[in-house]
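Trainee: Residue strings, one per chain:
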Amino acid sequence: MLAGRGVTVFVTGLAMWVAARLLGSPGLEVVAIGIAALPLLAAFAAKRGARHILVRRRLSDVRVTPGSRVTVTLDLENRSPIATSFLLLEDRLPTPLGRAARLVIGAIREGVHEQASYTLVPQSRGRYLLGPLVVDVSDPFALTRLRLEFPDRDELLVTPEVEDLGAAPDPSSGPSFGASRARQLFRTGEEYYTMRQYQEGDDLRRIHWPSVARTGELMIRQDESSRRASGLVFFDTRAAGLGRTHTPAFERGVSVAASVGVLLAHHGFVLRLGTTDLPAAALSEERFLDALTGISHAEVRSIGPALAHMRSGSSPDTSLVFVSAPPVPAELGSLIRAGAGFGQKLAVLIYPTDPDRLPPERQAQIEGRASQARLSLARAGWDVIVLPPSMRLQERWHTPLERPLARIV
Amino acid sequence: MAHAAGTTARTHRLIGLFAALLLAAATALAFGRVFLGTSTTMKLLGAAIAAAGLAVAFERRSLLLSTVASGIGLAVAVGLIVFPGSTWYGLPTGDTLRAALDAAALVGEQARIQAAPAEPIGPLLLAAVVSLWAAVFSAHALAFRAGSPLLGLIPPVALVAFADTVLEEFVKPLYGALFLAAALLVVFADGLARVQGWGPVWSSARKGVAGSAGRGARRLALTALGVAVLSPIVVPGFGSKALVDFGTPAEDRVAIDPFVSVEA
Chain A
43 MLAGRGVTVF VTGLAMWVAA RLLGSPGLEV VAIGIAALPL LAAFAAKRGA RHILVRRRLS
103 DVRVTPGSRV TVTLDLENRS PIATSFLLLE DRLPTPLGRA ARLVIGAIRE GVHEQASYTL
163 VPQSRGRYLL GPLVVDVSDP FALTRLRLEF PDRDELLVTP EVEDLGAAPD PSSGPSFGAS
223 RARQLFRTGE EYYTMRQYQE GDDLRRIHWP SVARTGELMI RQDESSRRAS GLVFFDTRAA
283 GLGRTHTPAF ERGVSVAASV GVLLAHHGFV LRLGTTDLPA AALSEERFLD ALTGISHAEV
343 RSIGPALAHM RSGSSPDTSL VFVSAPPVPA ELGSLIRAGA GFGQKLAVLI YPTDPDRLPP
403 ERQAQIEGRA SQARLSLARA GWDVIVLPPS MRLQERWHTP LERPLARIV
Chain B
7 MAHAAGTTAR THRLIGLFAA LLLAAATALA FGRVFLGTST TMKLLGAAIA AAGLAVAFER
67 RSLLLSTVAS GIGLAVAVGL IVFPGSTWYG LPTGDTLRAA LDAAALVGEQ ARIQAAPAEP
127 IGPLLLAAVV SLWAAVFSAH ALAFRAGSPL LGLIPPVALV AFADTVLEEF VKPLYGALFL
187 AAALLVVFAD GLARVQGWGP VWSSARKGVA GSAGRGARRL ALTALGVAVL SPIVVPGFGS
247 KALVDFGTPA EDRVAIDPFV SVEA
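Protein chains in written order, with my numbering: chain A, 43 to 451; chain B, 7 to 270.
Source of the hints: derived by calculation from the structure; they are not laboratory data.
Just so you know, even glycine gets a beta-carbon here, dropped at the ideal spot from N, CA and C.
Treat each hint with caution, since some may be false.
[Unchecked claim] Heads up, incomplete: computed chain B residues facing chain A, CB under 10 Å, no partners named:
1. Thr93
2. Trp94
3. Leu148
4. Ala152
5. Pro161
6. Trp208
[Unchecked claim] From chain A, some residues computed to sit far from chain B (all C-beta separations above 10 Å):
7. Thr107
8. Val114
9. Arg134
10. Asp181
For reference, chain B alone in the conformation it holds in the complex (with noise of 0.2 Å):
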């Protein structure tokens, strides 16, 4: 006979540990090609699971309290990965905040003029670091705190989306494969928690409930997967250029102005 066997509290949040690391890491790998080499994004690595891990961490607190810590998070990031120089024993100081402050009036400029893959020079990476833990931890909050796992996934899938607008480079469906495995990790993790607020679940499975829904779950996700990766075969102009040139500067786009004067 079957027992009654939810899905412990514990369980629920290893896989929601799980699944905000994963999506963490795939955002960080994947918007990390934007600097070169890969120490660059081996720190970028580093910042997005350490703002997951303090967005799980914090999830029983108060929204304000977790920004707090994540905040304070955040300054220590970007002390060790852009300024390193000016911490004390890694902790920001005035310095930092003079440094950062000075780097993020240049970002605009640096934006402008450097091409992707760019140096990991201050601005960008303070950019790049700031943009990435925003990312991390809204998607958290907006996935696990407010149940909406799909409004979860748009600030890191920006990030994915805009490292690969800015590259011209040979087609990678390796980071949106990766992506999408922590985004069908987080929705499976939501679909959980929503099953088990129909009833009490009840499940012969030695494993429980999580185990024997997750086997049904690896075999949806890995076919729905496969379909993906396999999509650049099948779809018709995957991987071509966007039908919306966003990169060319304004003043560099050929306009039409209403406002012409014919005349002989």
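Isolated chain A (complex conformation) (with noise of 0.2 Å):
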């Protein structure tokens, strides 16, 4: 209850006492006395206020973007029978949003509302738990400490970074390859895709009148966009691959894997996430995003079964996007095999160390495995898409260069 300092006031007012006592001086004892006695008073005072203290913790937002600004509002009640003094708050935080939160609320008076607030900028996705919150009553000469603790949590998703692949491309980088590459994945909307005959309730505007004429049945045509089309998104978490859970590479996937996710959620496509440890499932692109926030680097070694499976699901009109490091050889067979029951096939090869950083010789190995896997994947009818983690995906995506061998083969 008392504070080390309430403490040492209370033996410093004691020692004078007896001091008093053996030199016999009255204005000494009464000084010892009236200093004896602040901090059992302070103590007394401090209990009777914190006897009812709410506080309530609110969130600006429970779901930000990396960067973004949080603000905490702490909502603080006095339903004690007097005004408490000082008030010392320590929302304690996860360790990557910072130390705990400290903050001092002055006098608040009895029955009285009174709000504080402090702010966070989260800059690593997550699921975070913010609290618990502890309150220090004290008193206003800072003798006394009440320790009260408020168990609730409030939970902060920081969702990984998105990049907006549907903007305007860089000048630089040429006029439109962007939306070709956006084209190229997402080759579904309003394209031909087969011709039926008509069923009751169709679309008359749709009727196919050359075929009407060759065939001498009301045929009409049915364009990808009347089916559903669907992405799926394959995230390899291997630690051997892009690393562990927040070094660079693999949060750059994280950020590639959110960010082609939420392009094809834009386009209508049904979102489908799949890891090297868990099936794909379907999501909407919120829970998309959430299942992201909250992914952590897997410790298998072999990428096999993961590829069975997602092969077990393909289809032709599932487009398919592959977020891993430049595969090792011996995996591109598999690969390669995996996607041929797929549609569009994007694979997105991060390094998992920036080259440029890499003694010469583990430079040139990572290099050549890019380039090979590269090459052999675009003779599968692969797009490849090589990055740096440093990199951003949106500086690759407008750019043309990147697969001159599919556009040879």
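Using the supplied hints, reconstruct the complex from the two chains, each of which is provided in its own coordinate frame.
Mentor: Right, here's the structure in full:
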């Protein structure tokens, strides 16, 4: 109850009182009694004031992107019969969000609400639990500490960084290659798909008169927009590939998966997310981002089982986005086989480490592996983007030189 | 909604200044009782306030500069209060220094032969001014520079206790109460600084956190003062004789020699 300082004051008062008795100094005795009494009175007042204090935490936004500012408001209410003195608040935060937030609230009169706030700027994705909140009720002389703990915790979701891939390209990188890439990937909307017999209820404007003339039956054209295409984003979470959670390459991979996934969702695709250790499942855009928010690396060494599972769910009207480190030659074959059943295929290969920072032999090795993977995948009909972890996907998304081989073969 | 309202440095300095001045004044008034007449007490009060003012004025400077300034102030105070005739327009001269050295040599002897309350003769007044000045300066340094308010109270409280022990007068808790008020203000100023070190301060009070905390502090301080002032009634043996007699000269005390030779 008494803080260390309060105990010191009390003991000093007692020592003064003993000295006053020894010396026969009534003045000193008065001082001693007053000083010794002060911490006891302060403790009594603090205890009365701390009887009914309510605290509630509110977040300005529970889902934010990295770098956004979140305001955390603390609502305090004093339901005690007397005014409180100082309230020393400590809202404990997860380590990535920084040190615990500390605030001091001045006196709150009885029955009065007060608000105080602090801001957070989360820099990395994740699910963060804010709290618990600890309130130390003190007195005006700061001699007492009466600790109240409020165990309520609030979740803050910091979703991965989502790049706007639909934005206009940088003029320096060509006028419209980004749109072209999007068309490649989303070659479904408003495009001819098949011809079928007219059924009651079909739009008469879609009757294809040349086919009617040829077959003698009412035929209509069905384009892909009437079917709901799906997009599978597969993220290779192996620690042996892109590294462990929160390493630059892994986080770049999460951001790439999120950016492409959001783009697919915005184009009307049914979105599915698969990882090395989780089978592909259909998700809404929000749940997709939530899943990526909490994603972490997997310790499995082989990607084979995951690719086999992915292959079993393939279909021609499903676009595949494969996010991984440049695969080793032994894995290329199974990757190409797994992707064979999909429609459009995009591989985003991220170097585990920036090649420029590697020794020459290691740099040559990793770049050679990426080149080989690009060549093999492009020959199999894949679109390939290779990124160092420090580069944003947007910078390569609009670059036409990314798939020179695909255009040749 | 509350707003960030930490006590400004100016407010905090004002609280510190007021606490230092009150402590100096309480010490001077309590200690001045050892001299006959109120004019000497007033002179000591002036010296104490000057010492506190100088200490606060140099609070943000280095301790060395502050000590030098305080030393110069002490020399001026000694010249003006103890040896006014030796100064040149209030400034100490060589004569002042010589007079002070001569008086210092006689302090011990005069302390032995004079009974309190004493005439404000040179050697005793010199000792009083120097001790009071040093007590006030060190109290400020310990309480506000070093952040140890309780340690800071020791030098001035020693002077208060000294006055009590040498005076054979009716118990007057007034001086003790005044000193206690000053001591509580010192503890409050330090507590305010410590609380503000915890984190940003929020308050909806118009006068800021010092104002709102001040209200609570006043209540607590008045209660503590009330308890202290009423203590003569409730505390048994209040104002009784010293348990240890420091006043009697050593040669007059009754002593037992452990090396007693018991012979027939």
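Trainee: Run every hint past the structure and note whether it holds.
Mentor: Here is what the structure says about each hint:
{"no.": "1", "hint": "Thr93", "verdict": "violated, 34 Å"}
{"no.": "2", "hint": "Trp94", "verdict": "violated, 39 Å"}
{"no.": "3", "hint": "Leu148", "verdict": "violated, 13 Å"}
{"no.": "4", "hint": "Ala152", "verdict": "violated, 14 Å"}
{"no.": "5", "hint": "Pro161", "verdict": "violated, 13 Å"}
{"no.": "6", "hint": "Trp208", "verdict": "holds, 4 Å"}
{"no.": "7", "hint": "Thr107", "verdict": "holds, 26 Å"}
{"no.": "8", "hint": "Val114", "verdict": "holds, 13 Å"}
{"no.": "9", "hint": "Arg134", "verdict": "holds, 13 Å"}
{"no.": "10", "hint": "Asp181", "verdict": "violated, 7 Å"}
Taken one by one, the earlier hints fail for this structure at numbers 1, 2, 3, 4, 5, 10, listed in ascending order.
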